[in-house]
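Student: Protein chains in written order, with my numbering: chain A, 105 to 441; chain B, 105 to 441.
Warning: the hint list may mix true and false statements.
Since the list gives no way to pick out one identical chain from another, each pair is judged satisfied if it fits inside one copy or across any two copies.
Stated by the list, open to error - The calculated lysine-lysine pairs, modelled on PhoX-like cross-linking and capped at a C-alpha distance of 25 Å, are:
(1) LYS291 with LYS127
(2) LYS425 with LYS193
(3) LYS258 with LYS326
(4) LYS159 with LYS258
(5) LYS440 with LYS368
(6) LYS127 with LYS268
(7) LYS291 with LYS248
(8) LYS248 with LYS193
(9) LYS127 with LYS159
(10) LYS380 with LYS127
(11) LYS425 with LYS381
(12) LYS129 with LYS380
Note that these hints are calculated values from the structure, not bench results.
Number of protein chains: 2
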Amino acid sequence: MTIHMDLGLDSYDIIVERGVLEKAKEHLNLDRRVLIVTDSGVPDSYAKALESQCKECVVFTVKAGETSKSLEMFGQVLQTLLEHGFSRKDCVVAVGGGVVGDLSGFAASAYMRGIDFYNIPTTLLSQIDSSIGGKTAINLCGVKNVAGAFYQPKKVLIDPELLKTLPERQMANGLAEAIKMALTSDKELFELFEKENIESHLDEIIIRSLNIKKSVVEQDEKETGLRRILNFGHTVGHGIESSEEMTGLFHGECVALGMLPMCKEDVRERVINVLKKCNLYRELEYDWNKIAEAAFHDKKTEGDVVTIVLVNEVGSYEMKKVTCQEVIELAKSVLKG
Amino acid sequence: MTIHMDLGLDSYDIIVERGVLEKAKEHLNLDRRVLIVTDSGVPDSYAKALESQCKECVVFTVKAGETSKSLEMFGQVLQTLLEHGFSRKDCVVAVGGGVVGDLSGFAASAYMRGIDFYNIPTTLLSQIDSSIGGKTAINLCGVKNVAGAFYQPKKVLIDPELLKTLPERQMANGLAEAIKMALTSDKELFELFEKENIESHLDEIIIRSLNIKKSVVEQDEKETGLRRILNFGHTVGHGIESSEEMTGLFHGECVALGMLPMCKEDVRERVINVLKKCNLYRELEYDWNKIAEAAFHDKKTEGDVVTIVLVNEVGSYEMKKVTCQEVIELAKSVLKG
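Kindly produce the complete structure, drawing on both the sequences and the hints.
Tutor: Dropping the structure here:
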């Protein structure tokens with residue numbers, strides 16, 4: 105199916121279809137220079153499947169993991185484009201997860217002040233979340249997403265078949281974001297998580313999540329207001345993720361933890377059950393000062409006050425301005441098992 | 105006077121007024137964290153005049169010259185913003201020439217995916233040209249403006265008083281761009297250059313040049329068509345500027361040379377007289393292979409064909425697609441004295 109993102113001049117289509125990678129050229133204009141950016145954790149065969157459909161193609165493989173979202177790698181992608189004589193009319197295609205999409209999207213936005221960018225996300229997390237919405241970024245000095253651009257792809261191809269090779273923990277990582285979206289915006293999706301077999305409902309989970317994100321992004325492309333609901337669970341989640349000693353945790357795992365303090369008690373009980381079903385952590389013991397420090401380097405901070413998103417009832421949300429200290433106290437009281 | 109740039113959501117005002125730097129806070133919102141980016145060639149007193157109007161201010165000084173438009177300096181500006189806890193609601197102010205404006209504008213566009221950017225250009229070249237239009241960039245591997253963003257400032261303050269300290273050669277450097285704009289778009293401005301004392305007509309030259317640029321940028325913000333007329337003289341000009349052994353020449357000096365092959369013979373004679381009056385070079389002996397190589401790394405290239413702008417009659421222009429080789433032959437025939 106096709107989901108149309110309606111963003112004026114920046115509009116684009118998301119194609120969700122099993123096997124779409126194999127026929128990418130029906131959807132993408134590959135009749136020009138193509139830079140495929142992928143990472144060492146993605147099966148080679150994915151980039152190759154795309155490469156075989158291109159006339160003139162360069163494959164750039166970064167090391168899997170968050171450390172590749174660096175200024176240095178950003179420079180290397182730009183240099184690769186330059187060395188291979190890419191013009192303003194050529195394009196970049198991301199074949200990988202959020203790291204690859206964020207890095208190569210930012211490079212595409214900057215190269216000659218913007219060349220076409222396509223995204224073929226290969227993880228569940230990037231299929232339902234980071235591949236759409238146009239947020240690209242790199243990290244700096246250990247702080248996530250310090251520099252980047254709002255830059256919309258020209259098209260996104262989502263092939264759920266690609267998830268067959270995805271490790272179980274990466275799957276859970278993506279499910280966490282789907283649960284997040286269900287909690288603020290889609291009661292039925294949350295009930296699906298509670299009642300149904302998740303694997304056999306994967307396409308539905310992807311499509312419902314995309315539709316939630318579509319609706320939010322269309323109303324608030326540049327993240328000035330409503331889009332904050334997508335940050336549900338992220339204030340504490342980013343703090344956990346950014347704090348040095350927590351580098352072993354995945355983004356979704358951190359967000360899952362970060363959601364719990366933001367839910368009303370009865371909702372929280374239901375969330376805990378769903379997280380259990382998805383093999384996600386439900387509690388955390390840690391040095392909260394370090395998490396607090398990392399959390400509030402976060403860009404959503406304005407002075408000492410942050411806007412948090414609370415879920416009092418499944419499928420709805422409340423935004424509230426609180427101090428950083430209050431967020432940490434809340435997180436500590438819930439997560440310190 | 106105020107020139108309003110009408111670019112929809114990205115609209116902004118350019119204030120042209122002698123002494124406006126001293127009362128910048130009447131025009132800019134300085135009641136927040138402010139990063140002033142300046143360079144070692146700009147009188148200290150300029151950044152200080154602005155700093156004294158801020159509550160919370162950091163001054164970042166880069167080395168004067170094109171080498172500061174690097175990925176490394178881009179990273180350092182971002183790191184400075186991060187280390188001083190700048191949020192999305194704070195701002196960056198450029199106090200300097202095109203290098204400072206391009207570098208800090210790109211950093212402002214990228215930091216947290218975009219914070220407010222003000223520009224206070226201190227050279228004639230940046231006052232009439234690079235400070236408006238929203239093109240920001242850095243260089244890479246010796247190639248100019250490889251990476252950047254279209255990012256409009258929130259306001260531009262143009263204080264012609266600041267030009268009093270500008271070296272004569274820098275003045276000529278700016279006049280070259282004004283002559284360029286006159287040639288394609290303003291016959292009267294060109295006649296002013298031919299007949300009047302330039303120094304005593306400086307404010308008029310600035311304002312007329314800004315109005316030409318305003319009109320072009322408003323019609324073509326993202327440089328898809330019409331904006332190419334601003335590139336008159338730049339295809340060859342960039343080639344001269346980018347070729348390694350020519351690093352001694354200023355941008356405007358290169359553009360002045362680059363315009364000559366693009367003018368019809370009788371127009372060229374008039375241009376040569378005006379360039380002489382402004383102390384700009386009129387001829388060049390050089391290794392044309394190197395210039396050709398540098399010229400066609402240029403982003404306006406598409407395959408082997410480039411669009412050049414020709415002036416057959418003062419105040420009008422013609423766009424023409426020619427091969428790279430034809431451009432070089434034309435340049436050689438005119439410039440090799």
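Student: How do LYS425 and LYS193 come out at 25 Å by Cα distance, when the copy is not named: within, between, both, or neither?
Tutor: Between copies, since 16 Å is at most 25 Å while 45 Å is not.
Student: When no copy is named, should LYS425 and LYS381 be tagged within, between, both, or neither for a Cα gap of at most 25 Å?
Tutor: Neither way: LYS425 and LYS381 sit 32 Å apart in one copy and 63 Å across, limit 25 Å.
Student: At most 25 Å between C-alpha atoms: does LYS127 with LYS159 qualify within a copy, between copies, both, or neither?
Tutor: within (14 Å within a copy, 58 Å between copies)
Student: Reference check for the pair LYS440 and LYS368, CA-CA at most 25 Å: within, between, both, or neither?
Tutor: within (17 Å within a copy, 79 Å between copies)
Student: At most 25 Å between alpha carbons: which applies to LYS248 and LYS193, within, between, both or neither?
Tutor: between (30 Å within a copy, 18 Å between copies)
Student: Under a CA distance limit of 25 Å, which applies to LYS127 and LYS268: within one copy, between copies, both, or neither?
Tutor: Classified as within: same-chain Cα gap 18 Å, cross-chain 63 Å, threshold 25 Å.
Student: I want to check one pair: LYS258 and LYS326. Are their C-alpha atoms no more than 25 Å apart within a copy, between two copies, both, or neither?
Tutor: both (17 Å within a copy, 16 Å between copies)
Student: With 25 Å as the alpha-carbon cut-off, assign the pair LYS159 and LYS258 to within, between, both or neither.
Tutor: Result: close within a single copy only, 19 Å intra versus 43 Å inter.
Student: Between LYS380 and LYS127, at a C-alpha cutoff of 25 Å, which is it: within one copy, between copies, both, or neither?
Tutor: neither (37 Å within a copy, 61 Å between copies)
Student: Measure nothing new, just compare the shortest in-copy and cross-copy C-alpha distances for LYS291 and LYS248 to 25 Å and report within, between, both or neither.
Tutor: For LYS291 and LYS248, the Cα distance exceeds 25 Å both inside one copy (31 Å) and across copies (52 Å).
Student: For LYS129 vs LYS380, is the C-alpha pair at or below 25 Å within one copy, between two copies, both, or neither?
Tutor: Intra 40 Å, inter 56 Å, cutoff 25 Å: neither.
Student: When Cα atoms must be at most 25 Å apart, do LYS291 and LYS127 count as within-copy, between-copy, both, or neither?
Tutor: neither (35 Å within a copy, 55 Å between copies)
Hint check: violations occur at hints 1, 7, 10, 11, 12; the rest are consistent with the structure.
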